[in-house]
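Peer 1: Just so you know, the protein sequences line up as chains A and B, in that order. When we follow the working numbering, the leftmost residue of the first sequence carries the number 1, and every step to the right adds one. When we follow the working numbering, the leftmost residue of the second sequence carries the number 1, and every step to the right adds one.
For the record, the hints were derived by calculation from the structure and aren't laboratory data. Certain hints may be false.
A pair counts as met if it fits within one copy or between any two copies, since identical chains are not told apart.
[To be verified] Keeping only pairs whose Cα atoms sit at most 20 Å apart, straight-line, the calculated EDC-like set for lysine to aspartate or glutamate is:
#	residue 1	residue 2
1	60	108
2	89	101
3	89	70
4	182	133
5	320	163
6	89	108
7	260	332
8	8	156
All values derive from a computational prediction rather than experimental measurement.
These are the residues of each chain, in order.
Number of protein chains: 2
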Amino acid sequence: MSNITLKKIAEELKLSPSTVSRSLRDSHEISQETKDRVRALVAKLDFQPNPHASSLRKNKSKTIAVIIPEIENNFFVQVLNGIEEIAQKNGYHVLIYITHENYQREVDILHMLRSGRVDGIMISVASSTTNFEHLTAYVELGVPLVFFDRVCEIMDAPCVTTDDAQAAFEATEHLIKTGCSKIAFLSLDGNLSISSRRRSGYLEALKQYGLLNNKIIVECCLDDEATRQKIRSLFLRENKPDAIFTAIEKFSITTYEVCKELQIKIPEQVKMISFSNLTAASLFNPSLSAIIQPAYGIGRESADILFRLIDRKKLLPTQKKVIIPSHLVIRESSPVQQIVL
Amino acid sequence: MSNITLKKIAEELKLSPSTVSRSLRDSHEISQETKDRVRALVAKLDFQPNPHASSLRKNKSKTIAVIIPEIENNFFVQVLNGIEEIAQKNGYHVLIYITHENYQREVDILHMLRSGRVDGIMISVASSTTNFEHLTAYVELGVPLVFFDRVCEIMDAPCVTTDDAQAAFEATEHLIKTGCSKIAFLSLDGNLSISSRRRSGYLEALKQYGLLNNKIIVECCLDDEATRQKIRSLFLRENKPDAIFTAIEKFSITTYEVCKELQIKIPEQVKMISFSNLTAASLFNPSLSAIIQPAYGIGRESADILFRLIDRKKLLPTQKKVIIPSHLVIRESSPVQQIVL
Numbered sequence: 001m002s003n004i005t006l007k008k009i010a011e012e013l014k015l016s017p018s019t020v021s022r023s024l025r026d027s028h029e030i031s032q033e034t035k036d037r038v039r040a041l042v043a044k045l046d047f048q049p050n051p052h053a054s055s056l057r058k059n060k061s062k063t064i065a066v067i068i069p070e071i072e073n074n075f076f077v078q079v080l081n082g083i084e085e086i087a088q089k090n091g092y093h094v095l096i097y098i099t100h101e102n103y104q105r106e107v108d109i110l111h112m113l114r115s116g117r118v119d120g121i122m123i124s125v126a127s128s129t130t131n132f133e134h135l136t137a138y139v140e141l142g143v144p145l146v147f148f149d150r151v152c153e154i155m156d157a158p159c160v161t162t163d164d165a166q167a168a169f170e171a172t173e174h175l176i177k178t179g180c181s182k183i184a185f186l187s188l189d190g191n192l193s194i195s196s197r198r199r200s201g202y203l204e205a206l207k208q209y210g211l212l213n214n215k216i217i218v219e220c221c222l223d224d225e226a227t228r229q230k231i232r233s234l235f236l237r238e239n240k241p242d243a244i245f246t247a248i249e250k251f252s253i254t255t256y257e258v259c260k261e262l263q264i265k266i267p268e269q270v271k272m273i274s275f276s277n278l279t280a281a282s283l284f285n286p287s288l289s290a291i292i293q294p295a296y297g298i299g300r301e302s303a304d305i306l307f308r309l310i311d312r313k314k315l316l317p318t319q320k321k322v323i324i325p326s327h328l329v330i331r332e333s334s335p336v337q338q339i340v341l
Numbered sequence: 001m002s003n004i005t006l007k008k009i010a011e012e013l014k015l016s017p018s019t020v021s022r023s024l025r026d027s028h029e030i031s032q033e034t035k036d037r038v039r040a041l042v043a044k045l046d047f048q049p050n051p052h053a054s055s056l057r058k059n060k061s062k063t064i065a066v067i068i069p070e071i072e073n074n075f076f077v078q079v080l081n082g083i084e085e086i087a088q089k090n091g092y093h094v095l096i097y098i099t100h101e102n103y104q105r106e107v108d109i110l111h112m113l114r115s116g117r118v119d120g121i122m123i124s125v126a127s128s129t130t131n132f133e134h135l136t137a138y139v140e141l142g143v144p145l146v147f148f149d150r151v152c153e154i155m156d157a158p159c160v161t162t163d164d165a166q167a168a169f170e171a172t173e174h175l176i177k178t179g180c181s182k183i184a185f186l187s188l189d190g191n192l193s194i195s196s197r198r199r200s201g202y203l204e205a206l207k208q209y210g211l212l213n214n215k216i217i218v219e220c221c222l223d224d225e226a227t228r229q230k231i232r233s234l235f236l237r238e239n240k241p242d243a244i245f246t247a248i249e250k251f252s253i254t255t256y257e258v259c260k261e262l263q264i265k266i267p268e269q270v271k272m273i274s275f276s277n278l279t280a281a282s283l284f285n286p287s288l289s290a291i292i293q294p295a296y297g298i299g300r301e302s303a304d305i306l307f308r309l310i311d312r313k314k315l316l317p318t319q320k321k322v323i324i325p326s327h328l329v330i331r332e333s334s335p336v337q338q339i340v341l
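Full structure from sequences and hints, please.
Peer 2: This is the structure in structure tokens:
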């Protein structure tokens with residue numbers, strides 16, 4: 001019966017939680033009939049109002065915090081929209097914090113949130129975050145916290161991600177099947193688990209097709225000019241790649257720009273594929289093959305889990321590690337008609 | 001001398017404001033030499049520490065709120081980055097709230113902010129907002145508030161915008177000069193001052209070139225499917241437009257998609273131009289001519305003004321209504337080589 005809360009009783013009887021609460025306190029504002037209905041169900045369910053939970057509930061801020069590394073990325077924008085939809089249904093406001101991939105800012109934000117201004121936290125960690133102490137403190141205190149996309153796998157908190165390794169495997173396999181054998185993989189530097197999952201999918205596909213010796217891994221950073229320079233070097237080296245697979249949407253745009261600058265034709269001279277949730281990717285010249293992540297679903301699912309935690313409901317076993325599949329959309333930058341294997 | 005603050009004295013003497021403050025309180029932690037330097041400057045400037053300001057400062061949340069209508073728009077994303085840069089320099093955190101163009105949400109957010117959780121507010125109003133009472137209350141109470149982009153011109157609060165009418169005039173004039181005479185203007189429905197400024201620039205250009213009778217104004221909404229249908233109708237009617245000028249980035253993407261669907265060639269059959277801060281617009285097929293707004297600058301300038309208000313500094317006369325020019329970038333969707341006039 002530990003999961004029985006005031007809210008559930010209210011739902012069951014189609015009353016507001018406050019009416020149930022006042023009935024239990026024998027308030028004069030509530031009719032005798034309603035009080036009897038509430039008491040009957042409470043007796044049936046063996047419900048003990050939790051005074052601690054009740055006092056906590058009074059102090060609720062009705063606000064949740066979402067901490068993301070950046071917003072110049074359609075993935076995070078769509079996740080936010082999913083979160084906002086669920087938050088609105090629950091009568092909650094959403095505060096958005098941006099770390100700009102900076103570990104210290106992430107720490108500062110978490111520190112500021114200690115004052116209890118929010119009832120729960122959803123976070124996608126910064127690429128520079130390798131120490132998670134600022135987060136373990138919250139989890140240990142029992143503050144509702146959900147990781148999404150860029151998660152901390154060693155921590156005992158729910159995680160919502162996509163199947164990064166599988167998606168990267170499929171994208172790489174697709175490039176191999178269209179005849180590519182020198183596929184460069186561009187990912188974000190740092191120690192993100194998401195980067196290593198994507199890289200492992202890429203490497204696994206190369207391995208299965210006997211191309212592991214041809215691996216080209218390029219670690220890029222968020223500085224546009226530095227990334228541009230790295231991509232230029234790729235095309236100017238002796239052993240040029242015949243395909244580019246970018247793990248980050250932004251890098252695909254820079255790659256297109258560099259190809260334009262160096263007059264390298266996509267897909268004739270180099271094929272392209274990217275993790276990208278950019279709607280306009282289909283309008284590119286040529287249109288960009290993309291792994292589309294279920295961003296909106298990740299936002300909704302993460303928020304659903306957070307509200308279960310906030311409402312002190314038990315999570316379903318499937319809600320502890322949620323993986324929502326991405327899907328690959330093949331467009332002109334890596335056309336299927338060229339499949340040779 | 002009313003503008004002389006602790007902070008300025010600190011800057012002048014290359015000390016921290018807290019050192020200045022402690023010097024004035026004759027703290028034992030501060031050397032006599034420093035105290036003398038501070039006192040000398042204070043005497044010179046006739047500075048009176050303001051006890052009210054000082055007590056207010058102690059209660060500062062060190063947080064500002066930014067309220068925007070949506071985030072699936074590169075303009076707002078870039079504005080936010082500009083704001084964050086200035087906020088970080090001032091040691092402030094930024095809370096981001098999204099109204100999703102919903103007036104009631106805007107009211108709710110403003111209501112929630114009454115608890116004093118932020119020291120200042122920056123807002124770009126929702127397209128459905130026509131009543132500004134929820135904002136006047138703040139301004140009358142003297143809460144630091146700055147409007148940007150979508151402003152309320154009748155209110156006595158600083159506004160930071162771009163030269164919407166002028167930019168729309170130039171874009172329309174460019175289309176006319178490339179030979180277009182039936183230019184459709186697609187804008188967001190509602191009563192935003194920004195929409196009417198852009199529309200007036202479009203109409204003024206038509207007027208100057210004797211094309212006012214050819215005006216085609218289409219009001220679109222945020223529902224993608226409804227907008228798509230309106231654009232399709234435009235191309236299926238008797239008197240088709242020979243150019244489309246979209247006042248909102250999102251509508252340009254839908255227009256490209258509809259042209260693809262109906263096999264209408266840009267720029268051969270219809271020319272295109274849009275207000276857009278999408279980096280990838282140069283990668284479109286064909287690349288999109290765009291009015292690029294100074295989004296980052298609008299963010300920085302708005303934040304600068306807000307921090308002047310928070311620090312109780314007087315605004316410069318030029319900071320009350322700031323207009324930062326946009327610039328027009330001509331690309332393949334409305335090529336200059338076709339200029340006929």
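Peer 1: Flag every earlier hint the structure violates by its number, smallest first.
Peer 2: 4 and 8
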